[in-house]
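Undergrad: For the record, the sequence lines run as chains A and B. Under the working numbering, the first residue of the first sequence carries the number 357, and numbering increases by one thereafter. Under the working numbering, the first residue of the second sequence carries the number 7, and numbering increases by one thereafter.
Derived from the structure by calculation, the hints contain no laboratory data. C-beta atoms are modelled at their ideal positions from N, C-alpha and C, and glycine is treated no differently. Mixed in with the good hints, there may be bad ones.
Said to hold, decoys possible - Straight-line C-alpha distance at most 30 Å; calculated BS3-like pairs for lysine-lysine:
| hint | chain 1 | residue 1 | chain 2 | residue 2 |
| --- | --- | --- | --- | --- |
| 1 | A | Lys-522 | A | Lys-489 |
| 2 | A | Lys-359 | B | Lys-129 |
| 3 | B | Lys-182 | B | Lys-10 |
| 4 | B | Lys-142 | A | Lys-359 |
| 5 | B | Lys-22 | A | Lys-359 |
| 6 | A | Lys-541 | A | Lys-449 |
| 7 | A | Lys-373 | B | Lys-70 |
| 8 | A | Lys-372 | B | Lys-22 |
| 9 | A | Lys-489 | A | Lys-456 |
| 10 | B | Lys-22 | A | Lys-358 |
| 11 | A | Lys-358 | B | Lys-140 |
Unchecked claim - With beta-carbon atoms standing in for the labels, derived distance ranges:
| hint | chain 1 | residue 1 | chain 2 | residue 2 | range |
| --- | --- | --- | --- | --- | --- |
| 12 | A | Glu-360 | B | Lys-129 | 18 to 24 Å |
| 13 | B | Asn-132 | A | Glu-360 | 29 to 35 Å |
| 14 | B | Asp-86 | A | Val-398 | 48 to 54 Å |
| 15 | A | Glu-515 | B | Lys-140 | 32 to 38 Å |
| 16 | A | Tyr-394 | B | Asn-136 | 52 to 58 Å |
| 17 | B | Gly-32 | A | Cys-402 | 20 to 26 Å |
| 18 | A | Val-398 | B | Ile-71 | 53 to 59 Å |
| 19 | B | Ser-171 | A | Lys-519 | 55 to 61 Å |
| 20 | A | Tyr-394 | B | Thr-29 | 52 to 58 Å |
| 21 | A | Thr-396 | B | Lys-140 | 43 to 49 Å |
| 22 | A | Tyr-394 | B | Gln-183 | 54 to 60 Å |
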Amino acid sequence: MKKEQLFDILGEVDEKKIQSAGETMSRKKKTSSIWLNYGTLVACLCLVIISILSFHLYAKQYVISNHITVHNELLLGSDYCEVTEEQAKKLEKANSIHNKLSTQNFEWYGNCYYDFENDKIMLGLTEISDSNKETVLSYTRNTAVEFYQCDYSYQYLEELYNKLYKNRVILYLFGADRFNISIDKNKVNVHLTNDNKYIAIYIANKMDTIGGAITFSSDIQPTDGDG
Amino acid sequence: MEDKDIVNLYWERNQKAISETQTKYGNYCHSIAMNILLNNEDVEECVNDTYLNAWNSMPPHRPKILSVFLGKITRHLSFDKLRYKNADKRGSGEIPLILDELAEIVSGNESADDELYRKELIKEINDFLNSLSKEKCNIFICRYWYAYPVSQIARQFGVTENNVSVTLNRIRNNLKQFLTERGYDL
């Protein structure tokens, strides 16, 4: 067969296929979509950037109006000092009591820590009642503890910590690089890469449903007029 | 106007059939002829001949897809005209390239123009096209029926020219193998 004959025979193929191919060629060209995609991408990026900037300003206003301050961790850090054997034992005892009580999920249990300054094992309860004290004393055995009223239960602080942990990627992206439960302060501490991380402060604070349970710190000296 | 209404005009021998055909499918026929002939004067002549052929074909024909019916006439007339014009030389445009591509499938020897053989061969080619994906089938027909350039096919399908060339090459090889397995020695 000659090639011209084949070309001629191909003219007789199924009409629906010919129609389909013809319709495809007459449709709006796909190439424009490449530029449309780039344009759309740039527009989306601009939108994201503008949204973040707007959120940043909003978050800053939130921080200022709620008087949230960022503490300088370097200044807050306790000075190194010698720990006596007696103090070490009490510290260990306080930690042991805390470990036992924190696993019991008592709604009123706050914290247990060794107060170096006053040489006391402090035990915080959100509700200081005789029955709660009695329950606690069964765990402390003969260890002398001083009860005090604390603001937040350890259970709540753990829940708050878990919320922050679930959102750690977003928090990290916006400048909150680590967080921990501060047992002696009865708070959750969120560390920021610098004190201008308003969005991170806003997000973290919103997870604190009671309010006031988070302290913010950074290694940078706070700037005047901010916070 | 709907295709069936246009066809009815032909059957009623109403000359409005031609003007309606021109309005609806004039550009379509023009683009098919242009892909083959590349010359406005020849294209106009072929398109006008298409209308005449359609007038002479209906009745007895009552095509289901009028666009393709007209397209086939235009394609056939255009190719005949091109062969007549380029009888002693290669010619320009897509057709020489397309014919060179199709030459890979055939032997180049004269074969009998048997109507039954032709019908059977068309059926086999249709079966082969049914085995292709819709996109590949469309690419094949855009190239070998509509005679679109590879670059235009690539742009329309949103792929590279190399992609289209490789696809067509594979389809040609597969078509040749398909027909050979079925006893067709082209």
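Undergrad: Check each numbered hint against the structure and report the violated ones by number, ascending.
TA: 1, 3, 5, 10, 13, 15, 16, 17, 18, 20, 21 and 22
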